[in-house]
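A.B. asks: In case you want the letters, here they are:
Number of protein chains: 2
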Amino acid sequence: MSTQPTLPLASRTADLVGSVIDSSTSLLASQTHDIVRFAMGSPAPEAIPTEALAEVGRQALGVGASDAYDYAATEGDPPLREALLETLEGTSDATTPERLTITAGGMQGLDLGFKLFVDPGDLVAVESPTYTNGSATALSYQAQLLEVPVDHEGMVVEHLREEAARTGRRPKVIYTIPTFQNPSGATMSLARRRELLELAQEWGSMVIDDDPYGMLRFAGEELPTLHELAAGSPLVFSVRTFSKIIAPGLRVGWVDADPGLGQLLINAKQAMDTCTNLPMQRLVAGFLRGGYLQEHLATQRVQYRKRKEAMQEALTEHFGDIARWTDPEGGFFLWVTFEPAIDTEALFKIALAEGVAYIPGNAFSAEGRFPDALRLCFASTPPDRIREGVRRLRAAVDRQRAEG
Amino acid sequence: MSTQPTLPLASRTADLVGSVIDSSTSLLASQTHDIVRFAMGSPAPEAIPTEALAEVGRQALGVGASDAYDYAATEGDPPLREALLETLEGTSDATTPERLTITAGGMQGLDLGFKLFVDPGDLVAVESPTYTNGSATALSYQAQLLEVPVDHEGMVVEHLREEAARTGRRPKVIYTIPTFQNPSGATMSLARRRELLELAQEWGSMVIDDDPYGMLRFAGEELPTLHELAAGSPLVFSVRTFSKIIAPGLRVGWVDADPGLGQLLINAKQAMDTCTNLPMQRLVAGFLRGGYLQEHLATQRVQYRKRKEAMQEALTEHFGDIARWTDPEGGFFLWVTFEPAIDTEALFKIALAEGVAYIPGNAFSAEGRFPDALRLCFASTPPDRIREGVRRLRAAVDRQRAEG
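From first to last, the protein sequence lines stand for chains A and B. Just so you know, we're using numbering that gives the first Met the number 0 here: the first sequence kicks off at 0 and counts up by one. Just so you know, we're using numbering that gives the first Met the number 0 here: the second sequence kicks off at 0 and counts up by one.
Next comes chain A alone, as it looks inside the complex:
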């Protein structure tokens, strides 16, 4: 580009960060040898209900079904909206038509939330560690991030209050993954949930409640969602997705938000992609109406519990002396912290060579915290392979120590 005109980039492009998640998964994608993959947050291939989806597809997307390929209403296709409202009835995510917008997966829900609420320079509180592809969306609107620690009860809400007292700045938006958090696996306790909502109410801050894993609880007691606890407060913007409970490639999710947003939300989505792809909306609608979801979730929960237990047993066997890890009650992820500290980004290439992949801890903090931690996805690997993968991970650590 040296002899050519400079691109007249917008100033926000300076904040359009990539993530270590992406660079790790790109590196992983180029490998051809046998690798146990604890890196991606995808359901296992055998957990994708292709039989049910193919069956629904034959009915909904067959010869002559031209209406399934037209533009959809921006707020979502009526059959999916109806099936979803019915599916959510009686759950902690129960909602009403005025609050519901179908989105292109959870990420578009986050894009909508941050676009609607973040001005350049606004303070956005995020969990630390957090899902950095989510916080990257806040950065793309030039947010300033405030990293709030996470413990076994989720986001340390008290820290938020202390920081505000110390700096005199309150966050405009608080971004949280309250249930089976990505990457820590922690679940925000009921007391913390209430504390967070009180703080949001006191400050007039928006809570972006990103809960992709909530339906995948395999242990412990169900907790009310932030959506339910907020009881209609306009300050909770809830982002949900079918990515983890049916399949990520569908790119179908939903947002549950204050009806006062009304046309603003529609206009914002219209300017992003006109509408969510209609064939996949019809597919999900048929999947829900066909009663496949509950059975599918029941099966997955059993599998995921077994896999988490297999991973914890293997970790105890191979890492009992040098690491500690979290004990999630659902979702996809375990978070491992090494003591004494190990550089998990440097370890990554050795681990790949040993045949195991994960995401380094610093991928989950815009400030690069957690260099001595890593995220393991237990959900997409069968127990035997999990045991083999953890064994390989220990071999990588030993090799790094021997070489270091």
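Taking CB as the label site, the calculated pair distances span:
#1 B:P77 x A:H32: 18 to 26 Å
#2 A:Q200 x B:A13: 21 to 29 Å
#3 B:P96 x A:T5: 20 to 28 Å
#4 A:T5 x B:D342: 40 to 48 Å
#5 B:P96 x A:H151: 41 to 49 Å
#6 B:A13 x A:L26: 40 to 48 Å
#7 A:Q200 x B:P119: 26 to 34 Å
#8 A:A230 x B:E85: 49 to 57 Å
#9 B:A28 x A:D118: 30 to 38 Å
#10 A:R368 x B:P119: 28 to 36 Å
#11 B:Q293 x A:T5: 34 to 42 Å
Keep in mind that the hints were calculated from the coordinates and are not lab data. Here a beta-carbon is modelled for each residue, glycine too, at the ideal position from N, C-alpha and C.
Given the coordinates of chain A, assemble chain B onto it according to the supplied hints.
C.D. replies: Then chain B, alone, in the frame of chain A:
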């Protein structure tokens, strides 16, 4: 919301405008009587290749095809990227892997372009009339719009130069639909295309080249695209889509842009929706590889020419005394201007009652210009129904005059 906290909206929400296109189509959607629909820019139901799509779907999305439901690479699924590169080879849109990003339809291409290049307050030149759902995306990043007239040779580029001389302000971005423009049907002449690119080069302005209809030429000579004429200049950002040539519901399109954008473009898309839905990418890849596109386009071009001619004949019969209209060489739309002026927004409800729908002219200008014009889509209605629709439109005009 009166007793509840106020939503802490971002300032850009003041610019998140809806469009008369949306309100017109919403009103249309609620009608149950027989209506000839010239409003929407969708292909006709019979123009959706459901047989080929179902056939490809059986192969690509069947039982066991779990990989088709996973996350896709953000830049697009390799099979689609390869099939598309091959399809475009030898055409005016021929491109290379480094320039290509798969998007969620053309609208996401526009969202990417405006997000990457527009800072609040930046001047964005748009055609007048233009596709306001596109310019709304520029507004969502707080652009200031400059409306540039369109004549039978497309955007009047000279006007751009004059305005810049008059105001001392050059547009940062120039948004154009050069071929079979929406809504006017006009095609930018070769001289104008060259003039526009020279101006962009002189000013260092980005050209967002939105060309959804280019493959649907049914008369006249093919012209090189702005992409081809730019010959690798980084200042042309080309947005393309399968919406009009296969089906809009797929939400699959592509962007052809300077490789210097590189990771920025990937990061921007990642923050919007992670990736484009994978099953529909596989479907389009199979459609292209199966050789269905060329035959499909050939059939559609013949149909669209017949429909355009039927509409022009009917207009001559019913409106020869009071209107003039454009003569598009491809695409979907005719633009009708009434003389003496008729208020086409007021006419809309009467027309609905008479059983015909269109989009009022003021929908295509953020400033509400063209109150005496309207857009007719000829592409989605068979000739006999077109004749009936135009007859009903004249009946509506006569009724409005009698009542007025």
